[in-house]
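Undergrad: Sequence:
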Amino acid sequence: MFKKILSFYTRCFAIWVVLFGAAAYAWPGPFVALKSCNKLFFSLTMFGIGAVLQIDDFKRIAQRPVIVFICSLVIALNKKNFGKATLVILAAVVVLNIYGMLGGYGVASALRMEKRRRRTLAIEIGMQNAGLGTTLALSHFADSGPIVALPAAIFVFVCIITASAMAAIWQTSELEAE
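Under the working numbering, read the sequence shown as residues 1 to 178, first letter to last.
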């Protein structure tokens, strides 16, 4: 039963990010109240991501709502600024994410890594710095206000959605091949 619940949570990870982001936008108070925990959540996220190189391990990290909180905090802090995000920012984060994923897959292919490692590196490199950008912006540019972390928060959403989609597509293709 527990395994089924975790499987459901993992398959729907992008949905959790979107739902918690929407909750942070609608009710920023609970997320802002946990602002002092942002570095802890980020540290746990980076430790988990840095310690893995296989898709199965990535799924375990996705089961922890390490990154969901970071993204939700920035949305809660930026409720009044969220409408200021432009198409240029959105396009930039999408291009950066795609470039990272292609770069990760390409380098792993050039190094003749097995398919699973190529896929893992594509996901990892495509989203590795999303939480880092958010945390660094909030920590080092706090005088400018929380809007400085908004592009990074949008990047988190794009990364989670694309990484979850790619992991699901690749997992389905592996299951069909078996």
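Keep in mind that the hints were calculated from the coordinates and are not lab data.
For each residue, glycine too, the CB sits at the ideal point set by N, CA and C.
Be aware that one or more of the hints could be misleading.
Here are the simulated distance ranges between beta carbons [stated by the list, open to error]:
(1) CYS12 <-> SER173: 15 to 25 Å
(2) SER139 <-> LYS84: 34 to 44 Å
(3) GLY106 <-> GLN171: 43 to 53 Å
(4) THR86 <-> ILE15: 34 to 44 Å
Each computed DSSO-like pair below joins lysine-lysine, with the alpha-carbon atoms no more than 27 Å apart [unchecked claim]:
(5) LYS80 <-> LYS115
(6) LYS39 <-> LYS80
(7) LYS35 <-> LYS4
(8) LYS35 <-> LYS115
(9) LYS4 <-> LYS39
(10) LYS115 <-> LYS79
Undergrad: Now look at each hint and say whether the structure bears it out.
TA: For each hint, the structure was consulted:
1. For the pair CYS12 and SER173, the supplied restraint of 15 to 25 Å holds, since their beta-carbon distance comes to about 19 Å.
2. Here the CB-CB span from SER139 to LYS84 is close to 21 Å, at odds with the stated 34 to 44 Å.
3. Distance hint check for GLY106 and GLN171: the Cβ-Cβ separation is about 21 Å, which falls outside the suggested range of 43 to 53 Å.
4. At roughly 26 Å, the beta carbons of THR86 and ILE15 sit outside the given window of 34 to 44 Å.
5. Simply put, LYS80 and LYS115 have alpha-carbon atoms about 44 Å apart, too far for the 27 Å limit, and the pair is violated.
6. Note on LYS39 and LYS80: the hinted pairing holds, with a Cα-Cα distance of about 23 Å set against a maximum of 27 Å.
7. Note on LYS35 and LYS4: the hinted pairing is violated, with a Cα-Cα distance of about 32 Å set against a maximum of 27 Å.
8. A C-alpha spacing of about 39 Å is found between LYS35 and LYS115, which places the hinted pair above 27 Å, so the restraint is violated.
9. Proposed proximity of LYS4 and LYS39 is contradicted: the alpha carbons are some 31 Å apart, above 27 Å.
10. Taking the CA atoms of LYS115 and LYS79, the gap is near 41 Å; set against the 27 Å cutoff, the hint is violated.
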